[in-house]
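Asks: Let's have the full structure, built from the sequences with the hints guiding it.
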Amino acid sequence: MISPAFASILASGRAQFNARAVEARRRFPALDMAAFGAFLHDGVDPLVQAVSAAAPERVGGVTLAAYDMALELVGHGLAGPAAKNPFLNTVWRELAPQFAPLLATAPVDVLGMLSNAAIHLGSVAGARPAQWQAGMAAVAPQVGSVVQLRAVGQVLAWRAGVAHFRLGALAAADTLPPALALAAFGEPGAQWPQVHAQLMANPWRGNADGREFGSFSGLGGAFGTPPQVRATVDGCGFAVRSAERHYLLVADAYGAVLHSATAQEYEQATTGMPSSVRLDGATVHVGARSIALDLPAGDIALAANAHTLAITSPWTHAIRLLPLA
Amino acid sequence: MAFNLFQRLSQAPTKPKSAPVARQFDVADLYQGPIALGAEGEAQARPFDEKLRQAYFWIVNHAIISPHYDIEYNDGPSQTYSVGDSRRTLNLPSAQSYSSFILLPLLTFATRRKCLFVGGPGRGKTASALLMGVLAGSTVKEVKRAMQHGHPQMTVADLLGNPLPADLVNAQSMDDIRIAWRAWLGMRVKIVDEYNRIPTRTQSALLTVMGDNYAEVLNHIYECPEAAWYLTANDDQGGGTYQVIEALRDRVDVTVQALAFNPRFLNELLLRVEENVRPEELVPPDIIFTEGEVDQIGVAIRQVGIPDAVRRRLEFFASQFELFETAGGQFEYMTKDTARLAGADRGQAQAADNGRDRLKDLGCQTLNGISVRTLMALMIYAKAMAYFRGNGEVELEDLRQVLPFVLHNKLQPDPDAPFFALPENAAYRSDRLGWLRRLFDLSNDEFNRLDLDRDDPVGVLSAEFDLGLGGVSERETLARLNRIEKLIGERTKGRKLYGPLYDDLLKLKYLHQRYTNYRSWLRSQ
Numbered sequence: 035m036i037s038p039a040f041a042s043i044l045a046s047g048r049a050q051f052n053a054r055a056v057e058a059r060r061r062f063p064a065l066d067m068a069a070f071g072a073f074l075h076d077g078v079d080p081l082v083q084a085v086s087a088a089a090p091e092r093v094g095g096v097t098l099a100a101y102d103m104a105l106e107l108v109g110h111g112l113a114g115p116a117a118k119n120p121f122l123n124t125v126w127r128e129l130a131p132q133f134a135p136l137l138a139t140a141p142v143d144v145l146g147m148l149s150n151a152a153i154h155l156g157s158v159a160g161a162r163p164a165q166w167q168a169g170m171a172a173v174a175p176q177v178g179s180v181v182q183l184r185a186v187g188q189v190l191a192w193r194a195g196v197a198h199f200r201l202g203a204l205a206a207a208d209t210l211p212p213a214l215a216l217a218a219f220g221e222p223g224a225q226w227p228q229v230h231a232q233l234m235a236n237p238w239r240g241n242a243d244g245r246e247f248g249s250f251s252g253l254g255g256a257f258g259t260p261p262q263v264r265a266t267v268d269g270c271g272f273a274v275r276s277a278e279r280h281y282l283l284v285a286d287a288y289g290a291v292l293h294s295a296t297a298q299e300y301e302q303a304t305t306g307m308p309s310s311v312r313l314d315g316a317t318v319h320v321g322a323r324s325i326a327l328d329l330p331a332g333d334i335a336l337a338a339n340a341h342t343l344a345i346t347s348p349w350t351h352a353i354r355l356l357p358l359a
Numbered sequence: 021m022a023f024n025l026f027q028r029l030s031q032a033p034t035k036p037k038s039a040p041v042a043r044q045f046d047v048a049d050l051y052q053g054p055i056a057l058g059a060e061g062e063a064q065a066r067p068f069d070e071k072l073r074q075a076y077f078w079i080v081n082h083a084i085i086s087p088h089y090d091i092e093y094n095d096g097p098s099q100t101y102s103v104g105d106s107r108r109t110l111n112l113p114s115a116q117s118y119s120s121f122i123l124l125p126l127l128t129f130a131t132r133r134k135c136l137f138v139g140g141p142g143r144g145k146t147a148s149a150l151l152m153g154v155l156a157g158s159t160v161k162e163v164k165r166a167m168q169h170g171h172p173q174m175t176v177a178d179l180l181g182n183p184l185p186a187d188l189v190n191a192q193s194m195d196d197i198r199i200a201w202r203a204w205l206g207m208r209v210k211i212v213d214e215y216n217r218i219p220t221r222t223q224s225a226l227l228t229v230m231g232d233n234y235a236e237v238l239n240h241i242y243e244c245p246e247a248a249w250y251l252t253a254n255d256d257q258g259g260g261t262y263q264v265i266e267a268l269r270d271r272v273d274v275t276v277q278a279l280a281f282n283p284r285f286l287n288e289l290l291l292r293v294e295e296n297v298r299p300e301e302l303v304p305p306d307i308i309f310t311e312g313e314v315d316q317i318g319v320a321i322r323q324v325g326i327p328d329a330v331r332r333r334l335e336f337f338a339s340q341f342e343l344f345e346t347a348g349g350q351f352e353y354m355t356k357d358t359a360r361l362a363g364a365d366r367g368q369a370q371a372a373d374n375g376r377d378r379l380k381d382l383g384c385q386t387l388n389g390i391s392v393r394t395l396m397a398l399m400i401y402a403k404a405m406a407y408f409r410g411n412g413e414v415e416l417e418d419l420r421q422v423l424p425f426v427l428h429n430k431l432q433p434d435p436d437a438p439f440f441a442l443p444e445n446a447a448y449r450s451d452r453l454g455w456l457r458r459l460f461d462l463s464n465d466e467f468n469r470l471d472l473d474r475d476d477p478v479g480v481l482s483a484e485f486d487l488g489l490g491g492v493s494e495r496e497t498l499a500r501l502n503r504i505e506k507l508i509g510e511r512t513k514g515r516k517l518y519g520p521l522y523d524d525l526l527k528l529k530y531l532h533q534r535y536t537n538y539r540s541w542l543r544s545q
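Protein sequences, first through last, are from chains L and H.
Taking our numbering, the leading residue of the first sequence gets 35, the next gets one more, and so forth.
Taking our numbering, the leading residue of the second sequence gets 21, the next gets one more, and so forth.
Worth flagging that the hints you see were computed from the coordinates, not collected in a lab.
Glycine is no exception: its CB is placed at the ideal position from the N, C-alpha and C atoms.
Hints are not guaranteed to be accurate.
[What the hints assert, rightly or not] To give a feel for the contact side, a few chain L residues facing chain H, derived at Cβ under 10 Å:
| no. | residue |
| --- | --- |
| 1 | Glu57 |
| 2 | Arg61 |
| 3 | Gly146 |
| 4 | Met147 |
| 5 | Ser149 |
| 6 | Leu155 |
| 7 | Trp192 |
| 8 | Val196 |
[What the hints assert, rightly or not] Take a look, some chain H residues computed to stay more than 10 Å from chain L by CB distance:
| no. | residue |
| --- | --- |
| 9 | Phe281 |
| 10 | Gln432 |
| 11 | Ser450 |
| 12 | Leu470 |
| 13 | Arg511 |
Replies: Here it is as structure tokens:
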């Protein structure tokens, strides 16, 4: 059963809502009305209730916007019980109601942003949507405008593993009030200018161990054969070749993301190595640090960009990524 | 409401460019998705070619059910299948391909030319024309009211306008008579439905409007704005009530055939029936074009380049058709037009024209040549196609794709030609588009065989002349004259006369004459 508030709005605009559903069926012939009904109950009702409590006078407009958007999302197969990625349902049900005051003022923008971001995060392999949701929920009381919501979402998306957002997210964080920016980074007691400078200087800030990325595609990983790695010309990522396919790997303290690339991009990439890096058998020395690798010595390959050392071997489908600093 | 469910436009895919570009990730991608956000969509101004593509994709995806991708582009090898007893080829194009029934009317809209829809009743000809009117900013009601419906009693006054009755009685001179002009004359998209049902005299009045862009009644002139024209006909081969006058037919720039409905798409029709939906009433405002925008698109299309190599192929193709050796005693008059003007017995003249390879000679397949107007239309549409595909230059494939639609009504096949007697070519008797495409392919094969891309002595002489005569000495002029004479001697030695050779010889004669005049002038100094 849906809440009385939602039921009363649907009843009062019954003809209009029905007409919208009919129109949507034309646009999406495969629109499953049962799935749409379930999403109304599961996804739309909670936020209608939240807005009804926060700003009852705006609940009609919010419902209309949410209803239209729900039709489109279910029509695309992105929401509802049959959705391929249930994260969008979770965002509508659990996260969107926490932005009720903002929803009341700009329902299309707020719901649109949250929905698109949920879909995007769901499509990035290696991203951690649940972490993004938790981060957004934590800062929700401090977000006072759509502009702030936009920026804080971008910062938290980066922190949730979308590594290639790093520079854009840092620029977005600069537009936030310092307290909100620091809250987004979970460092409320720090000074924003210092944090910003450190993040700019060191992509591996807060993660000295680096990370391992990729595994055999037959076991759900990314690579069909053990990958070969080169540093990209811009010095920020790695060009990877595996099973005649090419990729661009972007990694930092928060995550590693693989994009498709071309053979030319791989050919353009470099194999140079900073003098501070030295391989001795199965031990790699980075400055004063020595890291023993659990790999057979002899065929280990190294590639380094400005901040990161990538280690590969014909004996593994994974790439070890170590901070150079 | 900012959120518009049914009029959202797809991100029109454009032809991808192969050059690798530097990677730049945009954090705003986080919010790119199926949900349109109000402020963003409006902030980004789209280039007009993108808007045109969005209009195309909206029409094919939502408005007109035309799943016939007969304008095929390939990017690398494509999958092909031989089907049926006739072993016809089903091709799965490897690049973005288009439906001619939608694309060519849209290019007509962008270039403000004239498009004829042909095909059986109820295949969407009028609906398609109606959509073009809506794209120009008129309401459905306005377009419908302004549409001219051809009927056997249609008078010139019905078409253009009436003198005001009171003025007719009181006027002392023609100038005093005011004319109530028909509203359609001022439309930017003009639609004439079933134009082959209009009486011949009224067709002549229509010809003036179509050809010269003005209407005349009782010495009063109405200057029409630049417009795109759409005409429809169920049967353009004489099945209308009246024979279409040739000059009117010649004004049509492109002919598009409404193909049969594929019953596999009946569910789309069913939905429209059940929901009582009319696509023309749901055209998204984002794809409505202002007059200024169409002006700018027209300018941009004209600026699209045609490379020399492509132009040469068109020249070579067009050269094939006009020659008719037995029609004229003088070299310049050996054309099909000479025979046509004289009303000569074509069969007799053809019988005398022996010795050539009548299968190989493409000119033997047609009854006429290609007019200047047709060639201009061909180049305009090739440019429009390149523009639509986001390119700054016409590719040979652009020309190949638009050519059949432009020549559809212009190049008349000779059904008695030996080419059509071959069993494998029998289908080309009825499939004129397929025949024209085949004709162009055969012409290109011959162009390749002659290696004209690399070895074109007439082209070299022509380019030399195009540099100008300023400062060219008498000695050099004589050398060039000798080269021309030598080349003519080589080209005519023991060879049959084919269309391209005929045009080459005429070009060489022209160059010879220009150099001869120049030499005379030099000597008089």
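Asks: Against this structure, judge whether each hint is valid.
Replies: So, going through the hints one by one against the coordinates:
Nearest Cβ of chain H to the Cβ of glutamate 57 of chain L: about 6 Å, under the 10 Å cut. The hint holds. Contact between arginine 61 of chain L and chain H, as hinted, is supported at the beta carbon level, the nearest pair being about 5 Å apart and thus within 10 Å. A least Cβ separation of about 4 Å between glycine 146 of chain L and chain H falls short of the 10 Å threshold, and the interface hint therefore holds. With 10 Å as the threshold, the beta carbon of methionine 147 of chain L comes within range of chain H, its nearest partner Cβ sitting at about 5 Å, so the hint holds.
Hint status for serine 149 of chain L: holds, given a least beta-carbon distance of 5 Å to chain H, under 10 Å. With a least beta-carbon distance of about 8 Å to chain H, the hint placing leucine 155 of chain L at the interface is held under the 10 Å criterion. The criterion of a C-beta within 10 Å of any C-beta in chain H is met by tryptophan 192 of chain L, whose closest approach is roughly 8 Å, and the hint holds. For valine 196 of chain L, the suggested interface contact is upheld, since its CB lies about 8 Å from the closest CB of chain H, less than 10 Å.
With 10 Å as the threshold on Cβ separation, the claim that phenylalanine 281 of chain H sits away from chain L holds: the shortest Cβ distance comes to roughly 17 Å. Here glutamine 432 of chain H stays apart from chain L, with its beta-carbon at least about 44 Å from theirs, past the 10 Å limit. Residue placement check: serine 450 of chain H keeps its beta carbon more than 10 Å from all beta carbons of chain L (closest about 35 Å). A cut-off of 10 Å between C-beta atoms confirms that leucine 470 of chain H is not in contact with chain L; the least separation is 37 Å.
For arginine 511 of chain H, the condition that its CB be more than 10 Å from all CB atoms of chain L holds, with the nearest at approximately 47 Å.
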